[in-house]
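Undergrad: Chains as they are written, first to last, in full-length UniProt numbering: chain V, 1 to 542; chain L, 1 to 542.
Think of the hints as simulated: they come from the structure by calculation, not from any bench. Watch out, some of these pointers could steer you wrong.
One copy or two, it doesn't matter: identical chains are merged, so the pair holds either way.
To be verified - Once the Cα atoms are required to be at most 30 Å apart in a straight line, the calculated DSBU-like pairs of lysine-lysine come out as:
hint, residue 1, residue 2
1, LYS22, LYS66
2, LYS109, LYS479
3, LYS483, LYS462
4, LYS181, LYS479
5, LYS40, LYS539
6, LYS50, LYS539
7, LYS479, LYS444
8, LYS22, LYS427
9, LYS71, LYS22
10, LYS249, LYS286
11, LYS541, LYS181
12, LYS282, LYS479
13, LYS71, LYS25
14, LYS292, LYS181
15, LYS40, LYS120
16, LYS462, LYS50
17, LYS462, LYS181
18, LYS286, LYS479
19, LYS292, LYS282
20, LYS109, LYS483
21, LYS444, LYS292
22, LYS78, LYS66
These numbers were taken from a predicted model, which means no experiment stands behind them.
Protein chains: 2
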Amino acid sequence: MKKLEEKMAELGDNFKSKHELKTPKGTQDFGPEQMAIREKVISIITETFKRHGAVTIDTPVFELRKVLMGKYGEEGSKLVYNLDDQDGELCSMRYDLTVPFARYLAANKIERIKRYQIAKVYRRDQPVMTKGRFREFFQCVSLEIKSKFKKRFKDFDIAGPGELMMQEAECLKIADEVLSKLELGEFEIRINHRLLLEAIFEASSIPSTLFKTVSSSIDKLDKVAWIDVREELIKEKGLNEQMADSIGKFVCIGDEHPDWNNSSLFDWFCGDNLTTSEEVRKSIIKAIEELKLLFNYANLFGCTESRIVFSPSLARGLDYYTGIIYEVVMKDLSFNTPQKSNESPTNIEDRKQKKKSSKKEETEEKEESSGNIGSVAAGGRYDKLVGMFLNIGEKSGKKIRDVPCVGISFGIERLFAIMEMKMKIEKSSAVRTSPTQVYVASIKSVGNNEKMKPNMLHERMKICSKLWAAGIRAETSYKANPKLLEQFQFCENESAQIPWLLIVAEDELAQDSVKLRCVATREEKLINIDDLVSVLLEKLKV
Amino acid sequence: MKKLEEKMAELGDNFKSKHELKTPKGTQDFGPEQMAIREKVISIITETFKRHGAVTIDTPVFELRKVLMGKYGEEGSKLVYNLDDQDGELCSMRYDLTVPFARYLAANKIERIKRYQIAKVYRRDQPVMTKGRFREFFQCVSLEIKSKFKKRFKDFDIAGPGELMMQEAECLKIADEVLSKLELGEFEIRINHRLLLEAIFEASSIPSTLFKTVSSSIDKLDKVAWIDVREELIKEKGLNEQMADSIGKFVCIGDEHPDWNNSSLFDWFCGDNLTTSEEVRKSIIKAIEELKLLFNYANLFGCTESRIVFSPSLARGLDYYTGIIYEVVMKDLSFNTPQKSNESPTNIEDRKQKKKSSKKEETEEKEESSGNIGSVAAGGRYDKLVGMFLNIGEKSGKKIRDVPCVGISFGIERLFAIMEMKMKIEKSSAVRTSPTQVYVASIKSVGNNEKMKPNMLHERMKICSKLWAAGIRAETSYKANPKLLEQFQFCENESAQIPWLLIVAEDELAQDSVKLRCVATREEKLINIDDLVSVLLEKLKV
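Just chain V, with the same shape it has in the complex (with noise of 0.2 Å):
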């Protein structure tokens, strides 16, 4: 409370109009530092994304009402920003990507798209700014998209028998190469299969109406205990003691044996030690070969090994995923702990290190402590829920078909946010806010040399002009006649930290020459104006 009075005393008068010039509930400004940040993370991102082919497309930020209604369940239909009826057309803020971009591939009969797309949603949910959460948001998904059951347009069609997996692995990759391009710390890619999921559900006897309810609770392994876990499932998801003891010995099997690699695991699930029907062991085997496969070729794209972990109590988004799922998650920040940077802990060390502690509330801090960061990129197999969305504007009755879709989505607000944090910790020059590379300087005329004055500003606009032919990012003062330690500062401000200086002065200038200045390294050099381009390209150079 004293801290806010003297914030109020700070701001003074200024108080009711800072009131007045906030931005909606939920919604936030973003300053030039913090473009500068989401640009970095963005192109790292789409780069990505291009580097694999995959083209973007662009929706107006409202539809029309009705094709967004019935889409997010009553709970999220709530959550849904209506526009003004203003005497026209009934339309709402779009509320995710996938609705506006199912209505784009049926209105343009698309049956084959391998696209990306990162744009703002807007939901009227309960801003937590503290911890992210906000009305206004960023959403990025990578969406691969095939149809195998029409074939009426001229796309073509490369799929076939061969692609089982391959899509899949393609989507690690991209994982790999955006978070290791990102820099933000140690990361884990965890993957399981819906198909295995279910083979131990009913190896355990759990029926399949409890399907998602007893895997939300079995996704909470990563961050709670498993005699928790097993609580919550006999207390609250209505299991009996055998049902869950046996679905604990499935799950549980990494933490048990932390010293087996993805290898081991596979033989174990594969094994003769499970006394299940032979039905369900043949689905076992099934889902565990296509994971050996997905795990071979994430291996042939160069997915880094020790990153790729096959996690069996991985149960997310099972309301759409139908096949592989996948996670990455966070385990090692890179500025947070830098005593811990220089490790690289793999797999069978991370199941080492998991869950001492069997307390719940714990388990939260420690989460809390490292800044609450977790999950930062799923994704999975969804065949059915592109083709529900395709049913708009069909005729109701008609058969939901499948469409194979693989995809990945980056939790990109959060990644904004660990990289701001790195970038305060490190007080990273990395991102800088201003773009410029070279700031033209002169120095100051003073007395008898008055005339000289405008031949320094004209001087200064030259060089400006040549580097900017050449590319080059330059900024000079609007004065006339600056005083040179007033640039310098300019130079050096913490926001700007442009690197390098060029100063124009009388005497060099009687020999064609400027000074050049690191400004870091605070080293000057004597350069001939013919070769300032080809100098300062080459101290450019990436």
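Since the structure of chain V is provided, determine the placement of chain L on it from the hints.
TA: Just chain L now, kept in the frame of chain V:
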């Protein structure tokens, strides 16, 4: 009507669903091809702003309604999209980028910023899709803002007496760079000074109350002949013949002397041949001196001299411009009239060519036939506008302070449209839909070498992995054993136009080599796998 019926028949059963899948009135989807073009235009503009040291900001797509209220006049306010009152704050979609930016400045007490912003704005206008008037469209604004009154904050203030015309000159340079890099055709940057317009109004005894309405007639002189403008001034704007002829003398001087260059025009305005009061003469000379300084600076900044044209009849945006005004006009599209593309008409030639006809209809028709292009960028100095908005939240009755601002806006939707036309006409490969640079193909295994199939797929995947690691955009078929012809066709597909193809085959693999094929020339070359990346990087160099 017949065409419509045919179209209806063609759509058949799909008509109804098509209709239900449409975007809201005045909005549109953008497919991969349009997005590729838009990205190209946006990246040229963004890179130019960055080259000149500008930063960017982002504000929410909707604002508190009270922030927008009363900012756009009665007409504008009717066009603002309101969000439904869903039990919370009253919000409206942004109508432009200026008001949210002013709110951002006021909220953050920013006194100096060089910002650009490219974002969508929303207006419930009557959409005319064929003329490119939409309800959701991009705006692109650059603004150098600086207050000379307050220096409360630690931002550097590098302004001073030397700055006169420096920022205006940099805006001209930015316009010149953007339009040159877009390569859409010949353009002209027309420049005038509000001070000069005010002086010649006074010299013609036109009451200052008529300034805006008479200016808007004068401004038509680039499209309409003087005789028609004169008639409008007398019959509709209430000038007498003497006033009309006096102002005509000033604003038509360029047309009367098509052989004069900028310098001759400046001389004429400063010469003895004007019968005006001493005071008006002083104003004229001051305006001309500032224009001369601007032209000199633009020159030093390396603007193409023949494109910078003094236009005494340019009289746009006088609701807010307080000093220099400028406008960029396309004169000759590079693709529309290819026989003219080698000519580079100077401003003098243009003056000669202009306005042979005195009929409004014909000029309009001519404009229509050339794609109705006209102005693609505009800007100037506006020292009053932002101050007005900065008063949001400040006590009313307070004097509005000047905030020195110089800016340039690109008609980015118009530039998108021109670029799209150009790409269509040129069937240009400069903008491809697919980002892919290299397609990794393999020769279909047949008959007895069945065991080679997975091997081929694996080799393709390993090669992709190598290319991705080197930052090369690569794709391969998801099929295990695709036909070669199918893979060729995929690369040659009009929208993909993938330039390079790698062909993996058993024989070559045995020698650790693959074939590199240039899709355009169909030339093939054998390359050792170890040299692959370096060879491709060399080929892909721009």
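Undergrad: Hint by hint, say whether it matches the structure.
TA: Here is what the structure says about each hint:
1. Proximity of LYS22 and LYS66 under a CA criterion of 30 Å is satisfied inter-copy only: 11 Å between copies versus 32 Å inside one chain copy.
2. Taking the closest pair of Cα atoms, LYS109 and LYS479 come within 30 Å of each other only across two copies (23 Å); inside a single copy the shortest separation is 58 Å, beyond that limit.
3. For the homomeric pair LYS483 and LYS462, the shortest alpha-carbon distance inside one copy (19 Å) is at most 30 Å, but the shortest distance between copies (58 Å) is not.
4. Proximity of LYS181 and LYS479 under a CA criterion of 30 Å is satisfied inter-copy only: 29 Å between copies versus 41 Å inside one chain copy.
5. With identical chains, the CA atoms of LYS40 and LYS539 are at most 30 Å apart both within one copy (21 Å) and between copies (27 Å).
6. Both within a single protomer and between protomers do LYS50 and LYS539 lie at most 30 Å apart by alpha-carbon distance, with minima of 28 Å and 19 Å respectively.
7. Proximity of LYS479 and LYS444 under a CA criterion of 30 Å is satisfied intra-copy only: 10 Å inside one chain copy versus 69 Å between copies.
8. Taking the shortest alpha-carbon separations for LYS22 and LYS427, only the intra-copy value of 28 Å comes in at or below 30 Å, while the best inter-copy value is 48 Å.
9. Proximity of LYS71 to LYS22 under the C-alpha cut-off of 30 Å is restricted to the inter-copy arrangement: shortest distance 17 Å between copies versus 32 Å within a copy.
10. Taking identical chains as interchangeable, the C-alpha atoms of LYS249 and LYS286 lie at most 30 Å apart only when both belong to the same chain, with a minimum of 19 Å there against 89 Å between chains.
11. Taking the closest pair of Cα atoms, LYS541 and LYS181 come within 30 Å of each other both inside a single copy (19 Å) and across two copies (22 Å).
12. Within a single copy, LYS282 and LYS479 get their C-alpha atoms only as close as 79 Å, which misses the 30 Å cut-off; across copies the closest is 26 Å, which meets it.
13. For the homomeric pair LYS71 and LYS25, the shortest alpha-carbon distances inside one copy (25 Å) and between copies (22 Å) are both at most 30 Å.
14. Taking CA atoms no more than 30 Å apart as the test, LYS292 paired with LYS181 passes inside one copy only; the shortest distance there is 26 Å, against 50 Å between copies.
15. Both within a single protomer and between protomers do LYS40 and LYS120 lie at most 30 Å apart by alpha-carbon distance, with minima of 17 Å and 21 Å respectively.
16. Taking the shortest alpha-carbon separations for LYS462 and LYS50, only the inter-copy value of 18 Å comes in at or below 30 Å, while the best intra-copy value is 38 Å.
17. For the identical chains of this complex, LYS462 and LYS181 are inter-copy neighbours only, at 20 Å across copies versus 38 Å inside a copy, given an alpha-carbon limit of 30 Å.
18. Proximity of LYS286 to LYS479 under the C-alpha cut-off of 30 Å is restricted to the inter-copy arrangement: shortest distance 20 Å between copies versus 74 Å within a copy.
19. In this assembly of identical chains, the alpha carbons of LYS292 and LYS282 lie at most 30 Å apart only when taken from the same copy (15 Å versus 86 Å across copies).
20. Proximity of LYS109 and LYS483 under a CA criterion of 30 Å is satisfied inter-copy only: 26 Å between copies versus 64 Å inside one chain copy.
21. For a Cα distance limit of 30 Å, the shortest separation of LYS444 from LYS292 across copies, 25 Å, qualifies, whereas the shortest one inside one copy, 70 Å, does not.
22. With identical chains, the CA atoms of LYS78 and LYS66 are at most 30 Å apart both within one copy (14 Å) and between copies (25 Å).
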